[in-house]
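Colleague: Line by line, the protein sequences are chains C and X. Here this note's numbering is used: the first residue of the first sequence is 21, the next is one more, and so on. Here this note's numbering is used: the first residue of the second sequence is 21, the next is one more, and so on.
Certain hints may be false.
Each pair may be met inside one copy or between any two copies, as identical chains are not told apart.
Stated by the list, open to error - Think about it this way: if two alpha-carbon atoms lie no more than 25 Å apart in a straight line, the pair counts; the simulated DMTMM-like pairs of lysine to aspartate or glutamate are:
1. K167 x E306
2. K162 x E36
3. K162 x E306
4. K232 x D76
These aren't lab readings, by the way, just hints derived from the structure by calculation.
Number of protein chains: 2
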Amino acid sequence: MPTNKQIHLDSRPQGEAAAGNFKLVTGQTPEVREGQVLVRHHFLSLDPYMRGQMNDAKSYAAPQPLGQVMGGGTAGEVAESRSPRYQPGDKVVGMGGWQEYSVVDADRPGALRKVDTTHVPLSHYLGAVGMPGVTAWYGLAKIIEPKAGQTMVVSAAAGAVGSAFGALAKARGCRAVGIAGGAEKCGYVTSELGFDACIDYKEHKDAGSLSKALKQACPDGIDGYFENVGGMVLDAAVLRMNAFGRIALCGMIAGYDGQPLPMAYPQLLLTNRIKLQGFIVGEHMEIWPEALTELGMLVSSGKLKPRESVAQGIESAPQAFLGLLKGRNFGKQLVKLA
Amino acid sequence: MPTNKQIHLDSRPQGEAAAGNFKLVTGQTPEVREGQVLVRHHFLSLDPYMRGQMNDAKSYAAPQPLGQVMGGGTAGEVAESRSPRYQPGDKVVGMGGWQEYSVVDADRPGALRKVDTTHVPLSHYLGAVGMPGVTAWYGLAKIIEPKAGQTMVVSAAAGAVGSAFGALAKARGCRAVGIAGGAEKCGYVTSELGFDACIDYKEHKDAGSLSKALKQACPDGIDGYFENVGGMVLDAAVLRMNAFGRIALCGMIAGYDGQPLPMAYPQLLLTNRIKLQGFIVGEHMEIWPEALTELGMLVSSGKLKPRESVAQGIESAPQAFLGLLKGRNFGKQLVKLA
Numbered sequence: 021m022p023t024n025k026q027i028h029l030d031s032r033p034q035g036e037a038a039a040g041n042f043k044l045v046t047g048q049t050p051e052v053r054e055g056q057v058l059v060r061h062h063f064l065s066l067d068p069y070m071r072g073q074m075n076d077a078k079s080y081a082a083p084q085p086l087g088q089v090m091g092g093g094t095a096g097e098v099a100e101s102r103s104p105r106y107q108p109g110d111k112v113v114g115m116g117g118w119q120e121y122s123v124v125d126a127d128r129p130g131a132l133r134k135v136d137t138t139h140v141p142l143s144h145y146l147g148a149v150g151m152p153g154v155t156a157w158y159g160l161a162k163i164i165e166p167k168a169g170q171t172m173v174v175s176a177a178a179g180a181v182g183s184a185f186g187a188l189a190k191a192r193g194c195r196a197v198g199i200a201g202g203a204e205k206c207g208y209v210t211s212e213l214g215f216d217a218c219i220d221y222k223e224h225k226d227a228g229s230l231s232k233a234l235k236q237a238c239p240d241g242i243d244g245y246f247e248n249v250g251g252m253v254l255d256a257a258v259l260r261m262n263a264f265g266r267i268a269l270c271g272m273i274a275g276y277d278g279q280p281l282p283m284a285y286p287q288l289l290l291t292n293r294i295k296l297q298g299f300i301v302g303e304h305m306e307i308w309p310e311a312l313t314e315l316g317m318l319v320s321s322g323k324l325k326p327r328e329s330v331a332q333g334i335e336s337a338p339q340a341f342l343g344l345l346k347g348r349n350f351g352k353q354l355v356k357l358a
Numbered sequence: 021m022p023t024n025k026q027i028h029l030d031s032r033p034q035g036e037a038a039a040g041n042f043k044l045v046t047g048q049t050p051e052v053r054e055g056q057v058l059v060r061h062h063f064l065s066l067d068p069y070m071r072g073q074m075n076d077a078k079s080y081a082a083p084q085p086l087g088q089v090m091g092g093g094t095a096g097e098v099a100e101s102r103s104p105r106y107q108p109g110d111k112v113v114g115m116g117g118w119q120e121y122s123v124v125d126a127d128r129p130g131a132l133r134k135v136d137t138t139h140v141p142l143s144h145y146l147g148a149v150g151m152p153g154v155t156a157w158y159g160l161a162k163i164i165e166p167k168a169g170q171t172m173v174v175s176a177a178a179g180a181v182g183s184a185f186g187a188l189a190k191a192r193g194c195r196a197v198g199i200a201g202g203a204e205k206c207g208y209v210t211s212e213l214g215f216d217a218c219i220d221y222k223e224h225k226d227a228g229s230l231s232k233a234l235k236q237a238c239p240d241g242i243d244g245y246f247e248n249v250g251g252m253v254l255d256a257a258v259l260r261m262n263a264f265g266r267i268a269l270c271g272m273i274a275g276y277d278g279q280p281l282p283m284a285y286p287q288l289l290l291t292n293r294i295k296l297q298g299f300i301v302g303e304h305m306e307i308w309p310e311a312l313t314e315l316g317m318l319v320s321s322g323k324l325k326p327r328e329s330v331a332q333g334i335e336s337a338p339q340a341f342l343g344l345l346k347g348r349n350f351g352k353q354l355v356k357l358a
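Could you put the whole structure together from the sequences, leaning on the hints where they help?
Modeller: Next up, the structure:
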């Protein structure tokens, strides 16, 4: 069996996550038994939700256990199969974790999904045509329920979720406005992703200032807001929500290190009759086929041009992940493993 | 025409509302023209939403104009009719405002509603079988959507909305837990209204302490929360919400004087996949008939025993209203006018 390099969670963060929380471990891949397949990972997906799992706190997912391989989405190729379901060479997506190989029970429902790379590159199945894309789809289609002509806003707009959100909103005839960090990302959001406007939150030091910029970018107010960030960005958006607006609460990366993150103006949720809903896309598997079909078409037709930040080699995963938490990535953050 | 005493809004509050914001004005009722009726008000309803309308702020309703009769719900009797729709002596509910008489266009949709006082006393049409009751009904049935066996919590539980919420929750097989101010109100909530438990928020100085009391009263967590108050009470409830909990946001009386009222733990709305929704019952007239039917049956069968605090005479309305904002009322606050 091949050597398998893994990244384990070695300790829990005190406040900010750090490289020292991770540990590189080298071992052998386990034997492939009857009904199992060996997958060689080509790409590892790095996602903000992983930061929450590093804490030992009550959350929607069980915490990542110490001394074990970090969990995470992977895209790769079947290297060896002892299951009639898979052939060597099949391209597959799964939850292989931060390692180069995984051995998977082929019969476990949802363990692996074969993907077609004719029109969609393999890596996109971890981004626009994967969990992040479906996340954007669920928040937009099922919580926000947009109408043509309405204004949709998303934070972290240059990221994997945000970029898909913009393409999906434009496909529904909406005005799409992004919030992102830095001029380069904002340029990408408007010129390549097709958003109508993008605001650089780094140019604003408080919610009031950011809210004024939102007023300019959203002259008719905000009808739907997709939140990845929390804190001042959420406050600014709440100040501009129209009556009967909808907020899909997907992430609050600003609070992942445990700092308090109060919402300044909850009264506005009442006076404007806002619906705010938190969600986790993994709990809504029934919508994945429909969402993936639409996302695949947007990518293959060129209407959604996802960017990727690709780190090289499993050893680079911790630094790439810490960079993601700081917003240093540009588009979907991946680690190339083969 | 009879003399008509009115209370006008004379000035807007600077922070806390005060008696000096109101002014007693005595005049004649206007002439009753063709198609109009003269209503003699027996009861004026005092409600927390009126505090919001005293401000000149953007809100869901236009601000109460200065120098005009304060708006408000009234129950009374037709004293003179020049419309075929009404006979003198008809008992009617409308929005007559803070005055002894009003002249109403009988053909204006929603202007007046005839009520049957055979089994339900007239005053209850301003409370349990009126707007406050329907408010509780909408939040419970349409936003929270309770299932039998789930735990429902309401703040201001001894009030007109809270008491109706408890009876409606019990009728759906739920555990009903109230939050109210003081031992006397809590005793009423459990012994007369049939709640399973009630917590005196005045015994708790912060959200952490109140949250511990909620944990005891709600051993299985909170599935549905109906908010009338905001601030520390909302924070405490959010700390105890179960996954997929629903929060109906009806009022935030704690912030009516303009003080900041941040929500401390919005992250929990995400991690617990909470739906929080603000609403105004007047925007959902389609549900009123169904709601009023259920509420009327609960009252006439004795399953909902609404209390009333009744002030005497229009002159007493400002002080009674200021008392309501401080929680000095016990149950529905009314002013008896005839």
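Colleague: I want to check one pair: K162 and E306. Are their C-alpha atoms no more than 25 Å apart within a copy, between two copies, both, or neither?
Modeller: For K162 and E306, both the intra-copy (12 Å) and inter-copy (24 Å) Cα distances are at most 25 Å.
Colleague: Can you give me the call for K162 and E36, within, between, both or neither, at a CA distance of at most 25 Å?
Modeller: neither (33 Å within a copy, 41 Å between copies)
Colleague: Tell me, please, which holds for K232 and D76 at an alpha-carbon limit of 25 Å: within, between, both or neither?
Modeller: between (38 Å within a copy, 21 Å between copies)
Colleague: Cα distance capped at 25 Å. Does K167 pair with E306 within a copy, between copies, both, or neither?
Modeller: Answer is both; intra-copy 23 Å and inter-copy 23 Å each pass.
Hint compliance for this structure: hint 2 alone is broken.
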